[in-house]
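Engineer: Chain by chain, the residues run as shown.
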Amino acid sequence: MKQQLEAIKNQAMEKLARVSSIRELEDLKVAYLGKKGELTGILKQMGTLSPEERPVIGQLANEVRFALEESISQAKDRLIKEERSIRLKNETIDVTMPGKVKSIGRRHPLTIVLDELKDIFLGMGYEIAEGPEIELDYNNFEALNIPKNHPARDTQDTFYISENVVLRTHTSPVQIRHMMSHKPPIRIICPGRVYRSDAVDATHSPVFHQVEGLVVDKNVTMGDLVGTLQAFAKGIFGENTRIRLRPHHFPFTEPSAEVDVSCWGCGGSGCRICKGEGWIEILGAGMVHPNVLRVCGIDPDVYSGFAFGLGIERIAMGKFGIDDMRLLFENDIRFLRQF
Amino acid sequence: MKAPIKWLKDYVDINVSVKEYTDKMTMSGSKVEGVEDMGKDIEKVVVGKIVSMEAHPNADKLRVCRVDVGNEILQIVTGAPNVKEGDLIPLALVGAKLPDGEIRLSKLRGVESYGMMCSIDELKLTKDYLPDAPDYGVYVFSGEQKLGADVREALDLDTVVEFEITSNRPDCLSIIGLARETAVTLGTEFRKPEVKVREEAGGDINDYISIEIKDPELCPRYAARVVKDVKIGPSPAWMQRRLAAAGMRPINNIVDITNYVMLEYGQPLHAFDYDQIQGSRIIVRRAKEGETIRTLDGQDRMLDTEMLMICDENRPVAVAGVMGGENSEVTENTKTLLLESANFKGSSVRMTGKKMGLRSEAAIRFEKGLDIENTIPAINRCAELIELLGAGKVVRGIADCNCKSYEKRVLKFEPDRINSFLGTQIETGTMVKIFRDLGFEVDEKDMTLVPPSFRNDIVEFADLCEEVARFYGYNNIKPSLLSGKEATQGRKTYKQRMEDIIRSTMMACGLNEAYTISFTSPKVFDLINVPEDNKLRNAVVISNPLGEDYSIMRTTTIPDMLKVLSINYSRNIPEAELFELSYVYLPIEGDALADERETLTIGMYGGSNDYFVIKGVIEELLSVMGIKSFEFRPANDDPTFHPGRTARLYVKGKDNEYKYAAILGEIHPEVAEKTECPERTYVAMADVHVLIEASDTGRQYKQLPKFPAITRDMAIVVRDDIFVAQLIDAINQKGGEFLEEAKLFDVYKGAQVPEGMKSVAFALSFRAADRTLKDEEVNIAMERILKHLNRNFDAQLR
Chain D
1 MKQQLEAIKN
11 QAMEKLARVS
21 SIRELEDLKV
31 AYLGKKGELT
41 GILKQMGTLS
51 PEERPVIGQL
61 ANEVRFALEE
71 SISQAKDRLI
81 KEERSIRLKN
91 ETIDVTMPGK
101 VKSIGRRHPL
111 TIVLDELKDI
121 FLGMGYEIAE
131 GPEIELDYNN
141 FEALNIPKNH
151 PARDTQDTFY
161 ISENVVLRTH
171 TSPVQIRHMM
181 SHKPPIRIIC
191 PGRVYRSDAV
201 DATHSPVFHQ
211 VEGLVVDKNV
221 TMGDLVGTLQ
231 AFAKGIFGEN
241 TRIRLRPHHF
251 PFTEPSAEVD
261 VSCWGCGGSG
271 CRICKGEGWI
281 EILGAGMVHP
291 NVLRVCGIDP
301 DVYSGFAFGL
311 GIERIAMGKF
321 GIDDMRLLFE
331 NDIRFLRQF
Chain P
1 MKAPIKWLKD
11 YVDINVSVKE
21 YTDKMTMSGS
31 KVEGVEDMGK
41 DIEKVVVGKI
51 VSMEAHPNAD
61 KLRVCRVDVG
71 NEILQIVTGA
81 PNVKEGDLIP
91 LALVGAKLPD
101 GEIRLSKLRG
111 VESYGMMCSI
121 DELKLTKDYL
131 PDAPDYGVYV
141 FSGEQKLGAD
151 VREALDLDTV
161 VEFEITSNRP
171 DCLSIIGLAR
181 ETAVTLGTEF
191 RKPEVKVREE
201 AGGDINDYIS
211 IEIKDPELCP
221 RYAARVVKDV
231 KIGPSPAWMQ
241 RRLAAAGMRP
251 INNIVDITNY
261 VMLEYGQPLH
271 AFDYDQIQGS
281 RIIVRRAKEG
291 ETIRTLDGQD
301 RMLDTEMLMI
311 CDENRPVAVA
321 GVMGGENSEV
331 TENTKTLLLE
341 SANFKGSSVR
351 MTGKKMGLRS
361 EAAIRFEKGL
371 DIENTIPAIN
381 RCAELIELLG
391 AGKVVRGIAD
401 CNCKSYEKRV
411 LKFEPDRINS
421 FLGTQIETGT
431 MVKIFRDLGF
441 EVDEKDMTLV
451 PPSFRNDIVE
461 FADLCEEVAR
471 FYGYNNIKPS
481 LLSGKEATQG
491 RKTYKQRMED
501 IIRSTMMACG
511 LNEAYTISFT
521 SPKVFDLINV
531 PEDNKLRNAV
541 VISNPLGEDY
551 SIMRTTTIPD
561 MLKVLSINYS
571 RNIPEAELFE
581 LSYVYLPIEG
591 DALADERETL
601 TIGMYGGSND
611 YFVIKGVIEE
621 LLSVMGIKSF
631 EFRPANDDPT
641 FHPGRTARLY
651 VKGKDNEYKY
661 AAILGEIHPE
671 VAEKTECPER
681 TYVAMADVHV
691 LIEASDTGRQ
701 YKQLPKFPAI
711 TRDMAIVVRD
721 DIFVAQLIDA
731 INQKGGEFLE
741 EAKLFDVYKG
751 AQVPEGMKSV
761 AFALSFRAAD
771 RTLKDEEVNI
781 AMERILKHLN
791 RNFDAQLR
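Just so you know, the protein sequences line up as chains D and P, in that order.
Number 27 in this note's numbering belongs to position 27 of the first sequence; there are no gaps in the numbering.
Number 387 in this note's numbering belongs to position 387 of the second sequence; there are no gaps in the numbering.
Treat the hints as calculated values from the structure; they're not laboratory data.
Yeah, the Cβ is synthetic: ideal placement off N, Cα and C, and Gly gets one too.
Just so you know, not all the hints are guaranteed correct.
As the list claims (entries may be wrong) - FRET-style restraints, in silico, Cβ to Cβ:
no. : chain 1 : residue 1 : chain 2 : residue 2 : range
1   : D       : Met180    : P       : Pro705    : 54 to 64 angstroms
2   : D       : Glu142    : P       : Glu589    : 17 to 27 angstroms
3   : D       : Gln338    : P       : Gly429    : 50 to 60 angstroms
4   : P       : Lys674    : D       : Lys100    : 32 to 42 angstroms
5   : D       : Lys100    : P       : Asp500    : 40 to 50 angstroms
6   : D       : Val200    : P       : Asp500    : 28 to 38 angstroms
7   : P       : Met302    : D       : Gly238    : 56 to 66 angstroms
8   : D       : Ala67     : P       : Pro705    : 25 to 35 angstroms
9   : P       : Ser210    : D       : Val302    : 46 to 56 angstroms
10  : D       : Arg272    : P       : Glu36     : 14 to 24 angstroms
11  : D       : Ser269    : P       : Val16     : 19 to 29 angstroms
12  : P       : Gln278    : D       : Val302    : 52 to 62 angstroms
To be verified - Chain D regions said to be covered by chain P (calculated; three or more residues, Cβ under 8 angstroms):
no. : stretch
13  : 19–26
14  : 76–86
15  : 92–104
16  : 108–119
17  : 254–268
18  : 277–291
Full structure from sequences and hints, please.
Structural biologist: Here you go:
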């Protein structure tokens, strides 16, 4: 009987090593360990053994059973792994095929630039002030030291609604409204739509967008203006950006400056974008004219301030390499989805 | 202002390269717009003399010349018909550079030519610059020239710098003003002009003319001189060249001299034919009602009483500062001249010029406000040039009617305050030098400054700061960042934050952001079927629009969105989803300004877009904005939209009133056709202000359910005209405390459902917060709901 047990064990082990599917394994398990299985059959014959033999053979039979069970369990693990790996192999997909997504919409490039500007100035403690686009001539011009018949009105081709109402030519009237209703310290930016009587072409639009900034406080210096513009330029165009101020004239600031940034295309060495100049003019700025402060009830002997203004279209076009302003207002989906 | 460098050099040394000069001028405030170097592309072109001329052996139209260029005699073949022996001509030598290329030794019909005679075209010069040049053919020098001399010298070619002069600096609309700025910028010496008038005609000006100013406000000063024995003729070549280089066309000696002085001194002058001035009187007055004048351009001008006129005893003879009159024009027959050098009020000249549609070089200067003290130097310079050119004999004296003598402005000189304003540490001595060089009187004891009379723009402290800053160098100012100032809080307002939320929700819903312009054509109302009497047609009108298409401020954004959709559609883009956050402008009765309403516009076509997609976007927005009470009501009365596929949204405001917030739907097929949009196009227009007012971003967490829900499906058959929203409302009303949600999952019409009816299926879920519900409890609620639906809507369980 002992030899029988050994033989069963060896036979079973050999089969287990060759088993190649779970079903086959289950069959094997039944064939040896099932109620009618070979090992069970042997155990059933235990009664025929002598009392001395019985514990010895019993122990051996149990050992064989354990060994078989152990091997079956190992074989099962092995088979599961094998089958899984086959399944995984069969499930292989082309991972380079396009993904599926409900695509989100895109921010307009003008909004992207506006948001960046807002971020920079909110971080420096500025509020965002707003005001009407259809504006009193007084707020748009006269309060800004541009009386009627002032030659500077020639340079801003204005749309008139009536003699005293205009489409604002800049967001400066928002500054006026803010100064009239708030006491210093004032730190605001005024983003918004503005209007000038320019025919539509690749670089002009009668409707465009501006951001202006205004700071009024005690002891605000021109150095503060330079520092602020520098921080802004680096924020928008990158850490290596330099700025250059050129004296200019605006009726509402004194001293006034036009401000260039080092070219975003070449960094200043001269290229097609900056027409070889190395610099690109992007904004106008200056110290708030004392007459403007006075009109708003702020004493220029106590307070000083600076202001600046820039066109968003121009920055967006520079930043994204957009060569035609009309694209910004045409809203071709293929254009919008590039941002 | 175009300034020829040689002319500037009459008054200042420019000892640096043109590039360095223009850079420095730009950085000190005289922005250089461009540089024109007339001889830039001309090299090895010299003065030659044609010493002989013979017919070409092989060509009828060519001739073979021998040309003396000083050190040698060259054989030149030419086809020019206008040259003859003895002529001095510009000769491009072999190897010469011309604007259009290089000259090489060439053979013309077998005869070698060692160069080329040049026309002004080949030198890229104009007839304005060289008025004696023939229309066709080689240029021939009129005077003596040194043979072999460089033509750039012989033709007096110059470099012309064009400056952008800002409106506060009319003094720089002159060679002298720019020379002064140049001197301060470069640190070189400014040579003040010295003028000597010989007054050869003798006599006394007062015997010739008397001047009366009736409106000293508009004309503070009027000076005149008289010139006798006038000889009208061309001005000399040097003067013509300078005028042409500065952009003025030479005409005759008198006109050229007055223009020359205007360019040089910045003071416009006018010359009258003295014999046409009736009564030997000049009266400066406003025009009388009904008066007219024919100006030098031959136009008859109606005058009004706002306009300032130069008149003789009987009639206007010139429009002050704008243009002369034909009745007193200087002609070939003029024997005696009356020269005017006056000062007029800028705004008056500007207004008159505008009314007449005239903007002469004189008016451009006058309207900016000129130096009252410049009238005399300018008229003297004019007299000097007349004498110098032999154009006439000047009568002794100036008739000078000076009503408002110039008052000096004394300003405090506060170097410390200037430094603290600029954020600089500039030494007082540096400031003193800047001011002195600019022509200020500086009193270092009393610490006062007096700006020169030509600097009307300097009136207070800030102006002084600018003068110091621009010569110290704006870019030498150390940057600082409001250090030591009181901190301020930078924060978006609630409205601004809600705008961000609206934008991000729209984008999350797949809509791309659009920007369209805010003015439009009144025709768009017809395009979207707006009824004749609708208030949308009442728009803010632009009085000087760019054209009808841009003539009103928009009262609706729908046409703009449709335009965007149709552009995309026309470009074969199969689907598009867009939104815009912008404004409409509604006139307010009795208010000068408008009601500017912030508007959210949504538009889509193609793909799986339909009414429920656009509604879904709005529902999502309502959810994100925390607007819980709202109603979508069917809208069949808006002719822009499909009557059966449109709704208006009403939201409950803080006052518990439902307010109109939006319209959304499929556009009417007629509108789709007219706007060239696809037939299934969906738009929505929402009033952002109303949405923000109703919004609530406060959030209270609701515990997540701990016990399972019981779900029951229910399909009922109702009349087709009953809205799902009515059924859901009714279910919610009778659902009891455990009804969690009634969700529509199917609407069916067709077989098995009677005509005029529809089957509507809901999934109802019930849940208790504290225990698992029993079936019986749910059954009771279901029965109650069904009974209610049956009673109110005649609903039958299917």
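Engineer: For each hint, tell me whether it holds in the structure or not.
Structural biologist: For each hint, the structure was consulted:
The supplied range of 54 to 64 angstroms is met by Met180 (chain D) and Pro705 (chain P), whose beta-carbon atoms lie about 56 angstroms from each other. The given range of 17 to 27 angstroms is respected by Glu142 (chain D) and Glu589 (chain P), whose C-beta atoms sit roughly 26 angstroms from each other. Taken as a hint, the range 50 to 60 angstroms holds for the pair Gln338 (chain D) and Gly429 (chain P), whose Cβ atoms sit roughly 58 angstroms apart. Between Lys674 (chain P) and Lys100 (chain D) the C-beta distance comes to about 37 angstroms, which sits within the given range of 32 to 42 angstroms.
Between Lys100 (chain D) and Asp500 (chain P) the Cβ separation comes to about 28 angstroms, which falls outside the hinted range of 40 to 50 angstroms. Between Val200 (chain D) and Asp500 (chain P) the beta carbon distance is about 30 angstroms. The supplied range of 28 to 38 angstroms therefore holds. Look at Met302 (chain P) against Gly238 (chain D): about 60 angstroms separates their beta carbons, and that is inside 56 to 66 angstroms. Take Ala67 (chain D) and Pro705 (chain P): their Cβ atoms lie about 53 angstroms apart, and the range 25 to 35 angstroms is violated.
Here the CB-CB span from Ser210 (chain P) to Val302 (chain D) is close to 53 angstroms, well matched to the stated 46 to 56 angstroms. For the pair Arg272 (chain D) and Glu36 (chain P), the supplied restraint of 14 to 24 angstroms holds, since their beta-carbon distance comes to about 23 angstroms. Between Ser269 (chain D) and Val16 (chain P) the CB atoms are about 23 angstroms apart, so this pair conforms to the stated range of 19 to 29 angstroms. As the Cβ distance of Gln278 (chain P) to Val302 (chain D) is approximately 60 angstroms, the hint placing it in 52 to 62 angstroms holds.
Closer than 8 angstroms: that is the beta-carbon criterion, and the stretch 19–26 of chain D has 0 residues meeting it against chain P, so the requirement of 3 is violated. Counting residues of the stretch 76–86 of chain D whose beta carbon lies closer than 8 angstroms to any beta carbon of chain P gives 0, which falls below the threshold of three, so the coverage claim is violated. Evaluation of the coverage hint for the stretch 92–104 of chain D: fulfilled, as 3 residues show C-beta separations to chain P shorter than 8 angstroms, against a requirement of three. Check on the stretch 108–119 of chain D: 4 of its residues sit with their Cβ under 8 angstroms from a Cβ of chain P, so the three-residue criterion for coverage holds.
Note: the stretch 254–268 of chain D has 5 residues with beta-carbon separation from chain P under 8 angstroms; the three-residue rule is met and the coverage holds. Interface restraint, the stretch 277–291 of chain D with chain P: holds (3 residues with C-beta to C-beta distance below 8 angstroms; minimum three).
Of the numbered hints given earlier, the model fails hints 5, 8, 13, 14; all others are met.
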